[in-house]
Each structure stands twice: as C-alpha cells, then as structure tokens.
Amino acid sequence: MILKYIITGMPRSGTQFMAHLFRNAEIPCGHEMFFGFPGMGEYVENAQADSSWLAGGVLEEWKEKGVKILHITRNPIKVINSLFTRNFFEREGINRGTLFMIYPYIFFPEIMNKKAFDKYILFYIKWNEEIEKYADARVKIEDVNEDLTLPFKKLDIPSIGTGIKRPEKANQGSKKQVITNDILKNSQLYPQLVQKAKEYGYNEKDLNA
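Following this note's numbering from start to finish, the sequence shown increments by one per residue and tops out at 209.
Misleading hints may appear alongside valid ones.
In silico DMTMM-like cross-links for lysine to aspartate or glutamate, where the CA-CA straight-line distance does not exceed 25 angstroms [claimed, not checked]:
hint, residue 1, residue 2
1, 165, 42
2, 140, 32
3, 4, 42
If you're looking for bench data, these hints aren't it; they were derived computationally from the structure.
Whole structure, please, built from the sequences with the hints as guidance.
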C-alpha cells in the first residue's frame with residue numbers, strides 16, 4: 001500500500017464522511033486505518049488514503065514522504081458540542097474512549113490542566129494549528145456538503161465528476177445542542193477561538209447557530 005493522501009482535522013469534524021466520500025470516488029480510503037488504534041478503524045484493501053483525526057499529531061514525517069494532506073474543519077461550536085456531549089475528556093476506565101481522551105495530551109500536555117470548556121477550546125485551537133503546519137489545502141466540511149467534488153479539487157485529483165455519490169453512512173452529529181456561543185464566552189480563551197474560527201471562514205452568525 002502506498003499512502004497518497006491524508007485527510008485530518010478535529011474529531012467530530014467529518015473524517016468518516018470523508019473516508020466514505022473518497023471511496024465513492026473510487027479512491028480506496030480507510031478511516032483511522034493507518035492512524036488509529038488496532039481493530040478500531042475501517043480497513044480497505046489497497047488503501048491510497050486515510051481519513052483520521054488521529055493523524056493530526058504525526059504529520060511531519062508523512063509530509064516529508066510527499067503525502068498530500070487535506071485539513072478539514074468544522075464550525076467550532078458544533079465540534080465542541082459534539083465532543084462535550086460525548087464526554088470526550090471526562091471518560092474513565094480503559095476503553096476506546098479513554099484512549100482517544102489521552103491522545104491529545106501526548107502532544108499538548110497543557111490541555112490536561114485546563115478546566116471545563118477551556119480544555120475543549122484549547123484542544124480545538126492547538127490541534128488545528130498543528131495540522132496547519134503541514135496541510136497542502138484546507139476545506140470546511142460544510143462546504144463539502146454543498147459540493148462533493150471540492151476535496152478532490154483542493155488536492156488536484158483529476159477526473160472526479162459531478163456524479164459522485166453522497167455517502168450514506170457516517171457518524172451523525174449531536175442531536176442536542178448543549179454548548180452555545182454564550183456559554184463559551186465565559187472562557188478566557190474565547191477570543192482565540194473566535195479568531196481561529198474567522199481564519200477558517202466562520203462568521204459570528206455561524207458561531208451563534
């Protein structure tokens with residue numbers, strides 16, 4: 001297997017959707033296959049790509065190998081809400097959830113010392129900034145939802161027609177919006193989050209959605 005593409009971003013940002021989209025475009029793409037924990041990802045034969053948030057901390061060596069990297073973003077309020085409602089940083093025991101919880105601490109131990117929503121905000125900022133260092137292109141998952149060919153255009157992948165099939169299966173977002181912009185405004189890190197959101201093309205209306 002020769003890895004040609006990596007799609008990565010925050011957890012709950014659409015990496016599984018992207019894996020299925022690439023496969024629908026006849027580009028074999030795993031989900032947390034190269035970058036994931038054994039037995040937990042989606043494996044495909046002759047994979048040319050992997051879509052995984054877990055790749056975000058180890059991109060440098062793959063960039064040096066010539067692998068193209070696509071940075072996928074999602075509205076930070078939606079991401080933080082989805083992580084919070086799944087108790088991403090509040091898990092106990094030894095299981096898949098706690099493995100995911102510990103992983104960001106390896107690269108950014110300062111996240112561990114933050115409390116409440118500061119932890120989620122700092123995770124969003126730090127993880128995305130790390131990916132920015134190595135990404136060849138960036139795309140909003142919201143824009144991909146409107147134009148399924150957009151990721152392939154960003155990566156200069158030819159011959160992807162407009163008839164690409166929309167993925168039928170992917171993790172669904174949180175049905176209940178618990179975290180709001182007004183809640184996050186209480187964090188000292190909120191201005192940094194707003195700045196990062198603006199860099200990614202999200203405006204004040206998006207943050208209040």
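* Would you mind confirming whether the straight-line C-alpha gap from residue 140 to residue 32 stays at or under 25 angstroms? => Roughly 20 angstroms separates the two Cα atoms, so the pair holds.
* Do the alpha carbons of residue 4 and residue 42 lie within 25 angstroms of each other, as the hint requires? -> Status holds; Cα separation ~17 angstroms.
* To do: Measure nothing beyond the straight line between the CA atoms of residue 165 and residue 42; if it is 25 angstroms or shorter, mark the hint as holding.
  => Given pair residue 165, residue 42 holds - Cα atoms ~19 angstroms apart, limit 25 angstroms.
Hint compliance for this structure: no hint is broken.
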